[in-house]
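Colleague: Sequence:
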Amino acid sequence: MWSVLRRQQGEEYELAAPTRGELNENLNHIARFECKPNHQELDPHLLTEPYGVRVYQKLINNLSSPDLILRQKAVAALIQLFDQKTDHVARTVEYGGIPALVRALKDEDEWVRVSVCVALTKVVGHPRGQQYVLDEKLEMDLKQAVHDEPSVAVEALRTLQALDAHWNDRAGTRALIRCGCIELYIQMAGEGVDEVKAEALKALAKVYNVKEAFIQVLDSQAMPVLTQLLANTSRNVLQGAAENIALLCFYSAGKRAAVANPETTQQLITLMSHEDTQVRIAVSAALMGITVDNAGKELLISNGGIEQILDCVHNEINDTVLINVIKTICNISENPAARPPLMDCVLRLQSIKEDKGANVALVNTATRALEMITWKP
Numbered sequence: 053m054w055s056v057l058r059r060q061q062g063e064e065y066e067l068a069a070p071t072r073g074e075l076n077e078n079l080n081h082i083a084r085f086e087c088k089p090n091h092q093e094l095d096p097h098l099l100t101e102p103y104g105v106r107v108y109q110k111l112i113n114n115l116s117s118p119d120l121i122l123r124q125k126a127v128a129a130l131i132q133l134f135d136q137k138t139d140h141v142a143r144t145v146e147y148g149g150i151p152a153l154v155r156a157l158k159d160e161d162e163w164v165r166v167s168v169c170v171a172l173t174k175v176v177g178h179p180r181g182q183q184y185v186l187d188e189k190l191e192m193d194l195k196q197a198v199h200d201e202p203s204v205a206v207e208a209l210r211t212l213q214a215l216d217a218h219w220n221d222r223a224g225t226r227a228l229i230r231c232g233c234i235e236l237y238i239q240m241a242g243e244g245v246d247e248v249k250a251e252a253l254k255a256l257a258k259v260y261n262v263k264e265a266f267i268q269v270l271d272s273q274a275m276p277v278l279t280q281l282l283a284n285t286s287r288n289v290l291q292g293a294a295e296n297i298a299l300l301c302f303y304s305a306g307k308r309a310a311v312a313n314p315e316t317t318q319q320l321i322t323l324m325s326h327e328d329t330q331v332r333i334a335v336s337a338a339l340m341g342i343t344v345d346n347a348g349k350e351l352l353i354s355n356g357g358i359e360q361i362l363d364c365v366h367n368e369i370n371d372t373v374l375i376n377v378i379k380t381i382c383n384i385s386e387n388p389a390a391r392p393p394l395m396d397c398v399l400r401l402q403s404i405k406e407d408k409g410a411n412v413a414l415v416n417t418a419t420r421a422l423e424m425i426t427w428k429p
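Residue numbering for the sequence shown follows the numbering used here, starting at 53 and increasing by one per position.
Each hint should be verified, as a subset may be incorrect.
To be verified - Cβ pair distances, simulated, as ranges:
hint	residue 1	residue 2	range
1	Gln183	Glu359	49 to 57 angstroms
2	Asn346	Thr138	13 to 21 angstroms
3	Gly409	Ser325	53 to 61 angstroms
4	Asp371	Lys110	50 to 58 angstroms
5	Arg308	Thr426	26 to 34 angstroms
6	Asn367	Asn313	57 to 65 angstroms
7	Glu359	Thr138	39 to 47 angstroms
8	Pro393	Thr138	37 to 45 angstroms
9	Leu270	Lys408	39 to 47 angstroms
10	Asp271	Ser403	31 to 39 angstroms
11	Arg230	Gly356	54 to 62 angstroms
12	Ala389	Asn313	47 to 55 angstroms
What the hints contain is simulated information worked out from the structure, not anything from laboratory work.
Glycine is no exception: its CB is placed at the ideal position from the N, C-alpha and C atoms.
Please model the entire structure based on the sequences and the hints provided.
Modeller: Take a look at the structure:
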């Protein structure tokens, strides 16, 4: 067989005396694999993937190739590997993939930079990848990637969000807070295109997993920025701003910051009738938090919030929004001025209470609200 191949390739060979069986086997092999004397050269832009562990090193090396097409194919192939199973992430880290990906964040091609951020999001979501980033203090390099075109900035913000993990006691989020990401998120939420604003708000919402971070958020004047964003027209921006206000209002200092500017409550009341369910969920949660404070109760009552709440109780079909609104009713019913108008929703609350197929949490909340509204000394 080897003599046949050498002859086809124009090389010297020694003629042997094969048996008939060997000749048949050789002919079968040639027919199946179509051996040719001059094989066609491969396309220089073709990125072949070797078998086994060699694939990692080859793809990593091609991330810095002078050929743009090979760089694009290399990062796309890595993303495809990461999607198949997490073991590929661990192997890529082992073969030095993270430094190569971080260097590729400065690639001249925007598509490559976006794809590298997507790959890094998958890498830092893996325990071994995140630990490598934290050990080598690469979070600052990831942070710098947000100062780019909007498409890159959005994916870079998602990469930073992926650093928030419970398995290491939020070590990734703590590292980002130390390098100034809270101020960065607030700045990016207040400027730029809506897609970047929405992603910055999602990233900001992650920092509250570190309890002491909310003080730094308030000290960075986040509440005025969030209030301003409530006048935005983007659904994602509205949802993100309201969710952040709701999270801040879990703390007394957050409630005080919210009621310090009456416009915050006014904008939230207006958004109670927004067409998007997720926006209404976030807004109702924020109002529920604000009205725990006595000043928040007075603001809602004085700005016509009771009318919006009663309309929501009678017409809302989403259970989560209803639960938040009814809890808000429980809060403001402590104010004597709110009780007379709230009597208009007693029948509706009674029907929810008696509905055997209703959400258990909704029934319990309605029962509590009925007790508070109809309470007499």
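Colleague: With reference to the structure, classify each hint as holding or not holding.
Modeller: Verification of the hints:
1. Here the CB-CB span from Gln183 to Glu359 is close to 53 angstroms, well matched to the stated 49 to 57 angstroms.
2. The beta-carbon spacing between Asn346 and Thr138, approximately 50 angstroms, falls outside the hinted interval of 13 to 21 angstroms.
3. The hinted range of 53 to 61 angstroms is not satisfied by Gly409 and Ser325, whose Cβ atoms lie roughly 27 angstroms apart.
4. As the Cβ distance of Asp371 to Lys110 is approximately 53 angstroms, the hint placing it in 50 to 58 angstroms holds.
5. Distance hint check for Arg308 and Thr426: the Cβ-Cβ separation is about 31 angstroms, which falls inside the suggested range of 26 to 34 angstroms.
6. One distance hint, 57 to 65 angstroms for the beta-carbon pair Asn367 and Asn313, is violated here, with the actual separation near 29 angstroms.
7. For Glu359 and Thr138, the hinted distance range of 39 to 47 angstroms is not satisfied, since their beta carbons lie about 52 angstroms from each other.
8. Range check, Pro393 to Thr138: about 56 angstroms between beta-carbon atoms, so the 37 to 45 angstroms window is missed.
9. Roughly 44 angstroms separates the CB atoms of Leu270 and Lys408, a value that falls within the hinted 39 to 47 angstroms.
10. As the Cβ distance of Asp271 to Ser403 is approximately 46 angstroms, the hint placing it in 31 to 39 angstroms is violated.
11. For the pair Arg230 and Gly356, the supplied restraint of 54 to 62 angstroms is violated, since their beta-carbon distance comes to about 44 angstroms.
12. The beta-carbon spacing between Ala389 and Asn313, approximately 22 angstroms, falls outside the hinted interval of 47 to 55 angstroms.
Violated hints, in rising order: 2, 3, 6, 7, 8, 10, 11, 12; the structure is consistent with all others.
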